[in-house]
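Protein chains: 2
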Amino acid sequence: MATKMENLTTLFDPRSVAVVGASRNPGKLGYHVMKSLTEGGFKGELFPINPKETDLFGSLAYPSVLEVPGEVDLAIVVLPARVVPEIFGQCAAKGVRGIVLIAAGFKEIEDELGGQLQDEIAALANEAGIPVIGPNTFGMVNVQADLNASFTPEFSAVKKGGISLVSQSGGMAHMLAFMAMRENVGFSKIIGLGNRCNIGFAELLEYLADDASTQVIAMYMEGTDDPRRLMEVAKEARGKKPIVVYKVGKSDVSDKASKYHTGSLAGQYEIYQGAFKQAGVLTVDTLHELLDTAKGLSSCQFPKGNRVAVLSGQAGPGMAACDVCEEKGLILTEFSKDTQERIDRALPPLALRTNPVDMGPAWYSPEAIREVADSALGDEHVDGVVVCIAYASANIGAVDGLAEVLKSWGQKKPVVCCLSAPGEIWEEGIRSLEEAGVPNYATPERAARALGNLWRYQTLAGRGLDRGQH
Amino acid sequence: MATKMENLTTLFDPRSVAVVGASRNPGKLGYHVMKSLTEGGFKGELFPINPKETDLFGSLAYPSVLEVPGEVDLAIVVLPARVVPEIFGQCAAKGVRGIVLIAAGFKEIEDELGGQLQDEIAALANEAGIPVIGPNTFGMVNVQADLNASFTPEFSAVKKGGISLVSQSGGMAHMLAFMAMRENVGFSKIIGLGNRCNIGFAELLEYLADDASTQVIAMYMEGTDDPRRLMEVAKEARGKKPIVVYKVGKSDVSDKASKYHTGSLAGQYEIYQGAFKQAGVLTVDTLHELLDTAKGLSSCQFPKGNRVAVLSGQAGPGMAACDVCEEKGLILTEFSKDTQERIDRALPPLALRTNPVDMGPAWYSPEAIREVADSALGDEHVDGVVVCIAYASANIGAVDGLAEVLKSWGQKKPVVCCLSAPGEIWEEGIRSLEEAGVPNYATPERAARALGNLWRYQTLAGRGLDRGQH
Numbered sequence: 387m388a389t390k391m392e393n394l395t396t397l398f399d400p401r402s403v404a405v406v407g408a409s410r411n412p413g414k415l416g417y418h419v420m421k422s423l424t425e426g427g428f429k430g431e432l433f434p435i436n437p438k439e440t441d442l443f444g445s446l447a448y449p450s451v452l453e454v455p456g457e458v459d460l461a462i463v464v465l466p467a468r469v470v471p472e473i474f475g476q477c478a479a480k481g482v483r484g485i486v487l488i489a490a491g492f493k494e495i496e497d498e499l500g501g502q503l504q505d506e507i508a509a510l511a512n513e514a515g516i517p518v519i520g521p522n523t524f525g526m527v528n529v530q531a532d533l534n535a536s537f538t539p540e541f542s543a544v545k546k547g548g549i550s551l552v553s554q555s556g557g558m559a560h561m562l563a564f565m566a567m568r569e570n571v572g573f574s575k576i577i578g579l580g581n582r583c584n585i586g587f588a589e590l591l592e593y594l595a596d597d598a599s600t601q602v603i604a605m606y607m608e609g610t611d612d613p614r615r616l617m618e619v620a621k622e623a624r625g626k627k628p629i630v631v632y633k634v635g636k637s638d639v640s641d642k643a644s645k646y647h648t649g650s651l652a653g654q655y656e657i658y659q660g661a662f663k664q665a666g667v668l669t670v671d672t673l674h675e676l677l678d679t680a681k682g683l684s685s686c687q688f689p690k691g692n693r694v695a696v697l698s699g700q701a702g703p704g705m706a707a708c709d710v711c712e713e714k715g716l717i718l719t720e721f722s723k724d725t726q727e728r729i730d731r732a733l734p735p736l737a738l739r740t741n742p743v744d745m746g747p748a749w750y751s752p753e754a755i756r757e758v759a760d761s762a763l764g765d766e767h768v769d770g771v772v773v774c775i776a777y778a779s780a781n782i783g784a785v786d787g788l789a790e791v792l793k794s795w796g797q798k799k800p801v802v803c804c805l806s807a808p809g810e811i812w813e814e815g816i817r818s819l820e821e822a823g824v825p826n827y828a829t830p831e832r833a834a835r836a837l838g839n840l841w842r843y844q845t846l847a848g849r850g851l852d853r854g855q856h
Numbered sequence: 387m388a389t390k391m392e393n394l395t396t397l398f399d400p401r402s403v404a405v406v407g408a409s410r411n412p413g414k415l416g417y418h419v420m421k422s423l424t425e426g427g428f429k430g431e432l433f434p435i436n437p438k439e440t441d442l443f444g445s446l447a448y449p450s451v452l453e454v455p456g457e458v459d460l461a462i463v464v465l466p467a468r469v470v471p472e473i474f475g476q477c478a479a480k481g482v483r484g485i486v487l488i489a490a491g492f493k494e495i496e497d498e499l500g501g502q503l504q505d506e507i508a509a510l511a512n513e514a515g516i517p518v519i520g521p522n523t524f525g526m527v528n529v530q531a532d533l534n535a536s537f538t539p540e541f542s543a544v545k546k547g548g549i550s551l552v553s554q555s556g557g558m559a560h561m562l563a564f565m566a567m568r569e570n571v572g573f574s575k576i577i578g579l580g581n582r583c584n585i586g587f588a589e590l591l592e593y594l595a596d597d598a599s600t601q602v603i604a605m606y607m608e609g610t611d612d613p614r615r616l617m618e619v620a621k622e623a624r625g626k627k628p629i630v631v632y633k634v635g636k637s638d639v640s641d642k643a644s645k646y647h648t649g650s651l652a653g654q655y656e657i658y659q660g661a662f663k664q665a666g667v668l669t670v671d672t673l674h675e676l677l678d679t680a681k682g683l684s685s686c687q688f689p690k691g692n693r694v695a696v697l698s699g700q701a702g703p704g705m706a707a708c709d710v711c712e713e714k715g716l717i718l719t720e721f722s723k724d725t726q727e728r729i730d731r732a733l734p735p736l737a738l739r740t741n742p743v744d745m746g747p748a749w750y751s752p753e754a755i756r757e758v759a760d761s762a763l764g765d766e767h768v769d770g771v772v773v774c775i776a777y778a779s780a781n782i783g784a785v786d787g788l789a790e791v792l793k794s795w796g797q798k799k800p801v802v803c804c805l806s807a808p809g810e811i812w813e814e815g816i817r818s819l820e821e822a823g824v825p826n827y828a829t830p831e832r833a834a835r836a837l838g839n840l841w842r843y844q845t846l847a848g849r850g851l852d853r854g855q856h
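Chains as they are written, first to last, in my numbering: chain A, 387 to 856; chain B, 387 to 856.
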């Protein structure tokens, strides 16, 4: 019999999925799960389980998993809590390899029967070696495998990429995914932790650390029962794969709320922060920063030092970026003599030719702009670069004009951008840069903060890691 | 003869505009200014000035302002610096009431001739009582009057609203405007300060404080030569009209850059912060926060105290909001006995029924959700409310279902939201809420921060101001 951790791999990459509680009634979550799977384009076998139906969403329906003719790798359970122990028994008998338990009514409710029920199903699952995501979760999405095993069909619109999210809140996972859709950020897996029947942060971290399609692990956390084990697993992943965590509970009230919500100890925000630091885990303060940092970590080269250059199309955005760079421990370095001479030759005699460089006055000369960018980006004193340009008629060609230089240097050192234009004007160019590993951010501060976090990750990971070519 | 300050009102509301340097060549800024004015729908008379043309963009062209048959209220000057003194002389002779000087090559260049030239034109303008926006500016936009007097036609897409922006950086003004377009935030005026020939922060603040269509003054600042005068004007506006400032220059390098860029003393970031506080001016740290805060100030009621409630569709976003609330000095208050009883009756026995309230478990009962929201919003112990809901299939009707309750209480106390859904799903409902004075933000943290800043403004303004009905 395979172990729980071995089965976890199958849970995320199943050849066949049974939906226990599949429904044709849009008022039921079993309907939305079926919609997610079918519209999401899952390519394996799909078995709706509902004793009152013969077929659902174009697939033959079965009265129970035991009646399914073939093997069932993953069972998604969307039924009331009280019948879940029986279903788990059937899943164990059928040899199901993993369960996503969307049903609620376990440890999270006030009634202590909920806790007892959860203990009961955990014992059943552990005995059978079945890993369980949930209960009380929206489910999970393996974006890379077109497997939307959640009650939210819209998750299927998330782009494929290298970030895997483990979220202790369904709401935060949804918000992050919606932002990712708007900002075109790619994900590998989106996992709703729920109330951790037998799979928690530590197990998922262990799994994702070895998952080839996951480049960066992002976590939203309220609290965990076993922080020690989590930190141990994190330490093992240290330097191997970046982990970035957004932990709430800074305030007394959210700390208390977290305890009630997840049934786990939150508390001790500062202790968590210290432990994360020791384990080489990057921490962030907002949902934007979680997404931005994960995006940077999954696309940029890692900086070899903290000396940066800020190139801007207008002075203001460059200054805002500088403020954040310094706050994050980055140094606006002095250019080498050669670089400074090249920039001085390329730009008219305006003051902002040192670092930060205001390229504004040269926008009528694309050659000069390219020369400035190429010399600053190529300077051996520069470990990373922030490029901030607001669209105006004079620089409409800026993104296309700089694309090759940014892409080329972006293979050697981190280059982050805030290229801001109305409507669709620069969309195509920005997408092309992002595909080449040069991420774009909505504001100069967010771009600078992402670069700062790349550097902070390097210091936490305690190394000068070279990512190699993309 | 009208004074410079009297003429400033005409500058922003001209009956007629001359574009000195109008062009049909898209490589010239004079082309883009003409495009801005015509596509922006300016309803007054338009006089392109170009000795080589007979007509431009459908209007008769004239060789100089002196040849224009009627009066010229505003002249937009888009010519090389060296000819600007002559143009100013013509404008004075013609009785022009205001000038937007887009031309560059003055105080901002290294060559001291630039400074001399600026002194020369300032003397000419002051003698004639002509206020000048610029030089070295993108121009200005009176959104409310459909007057796009800038070289960026895209500014015309900004929605009409109550925020007026004074920006010392064209880049930052563009970025803010592009964000405002995406997030549907309305503006009254967008002003590019440039190098302040004879109109600086203080003069614009004085003008905007009395401008009926400006509800909130937002400023992006690098530095000013006369901070004392600015603070005096700000103090006069105190309690009358909110002012929110994003001042860069926190770091040494941006401080130095600012000095070069604007030719003015930046420096002394902390001194500025202290002076702003004394003058009742709200300060913020990022471009997002500037827009979010101005949006809140221009649409919400002001809180009468710092006791808030957080209502969320899922626990996580609520906790993130709580963290920011506490950081900003807001108190997650205890509900009154009556409120708590109503909430306890409406929600199933789940833990998060105190403040913050997790409405998640009740999404299948719209009546219960409305009852929870209505009791919390109406609680006399509650001075403001943050509502955070991530879309899921179970709560797709959330925005429509809560709209009346939120709109109704939003007339009495500040209600800010983070309603997050993919694509267009909740767009219409969110717009309708925003039009009723209930602003929406992209993340729970941004919503909570905006509410925190409303309270911070109240303490700075030293009053319990009642905005009255919208």
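Derived from the structure by calculation, the hints contain no laboratory data.
Hints should not be assumed to be uniformly reliable.
It does not matter which identical chain is meant; a pair holds if it fits inside one copy or across any two.
[Claimed, not checked] Here are the simulated DSS-like cross-link-like pairs (lysine-lysine), alpha carbons at most 27 Å apart as the crow flies:
{"no.": "1", "residue 1": "K636", "residue 2": "K690"}
{"no.": "2", "residue 1": "K663", "residue 2": "K429"}
{"no.": "3", "residue 1": "K642", "residue 2": "K714"}
{"no.": "4", "residue 1": "K438", "residue 2": "K545"}
{"no.": "5", "residue 1": "K663", "residue 2": "K714"}
{"no.": "6", "residue 1": "K480", "residue 2": "K627"}
{"no.": "7", "residue 1": "K627", "residue 2": "K545"}
{"no.": "8", "residue 1": "K642", "residue 2": "K723"}
Note that the structure is a prediction, hence the values are computed from the model and not measured.
Now for the hints, and whether the structure bears them out:
1. In the homo-oligomer, the alpha carbons of K636 and K690 lie at most 27 Å apart only across protomers (26 Å), although the nearest pairing inside one protomer, at 32 Å, exceeds that limit.
2. Taking the closest pair of Cα atoms, K663 and K429 never come within 27 Å of each other, the shortest separation being 41 Å inside a single copy and 61 Å across copies.
3. Proximity of K642 and K714 under a CA criterion of 27 Å is satisfied inter-copy only: 19 Å between copies versus 30 Å inside one chain copy.
4. Neither within a single protomer nor between protomers do K438 and K545 lie at most 27 Å apart by alpha-carbon distance, with minima of 36 Å and 53 Å respectively.
5. Both within a single protomer and between protomers do K663 and K714 lie at most 27 Å apart by alpha-carbon distance, with minima of 15 Å and 26 Å respectively.
6. Proximity of K480 to K627 under the C-alpha cut-off of 27 Å is found in neither arrangement, the shortest distances being 36 Å within a copy and 70 Å between copies.
7. For the identical chains of this complex, K627 and K545 are intra-copy neighbours only, at 21 Å inside a copy versus 44 Å across copies, given an alpha-carbon limit of 27 Å.
8. Taking the shortest Cα distances, K642 and K723 sit within 27 Å of each other only across copies (20 Å), while inside one copy they are farther apart (57 Å).
Violated hints for the displayed structure, listed by number in ascending order: 2, 4, 6.
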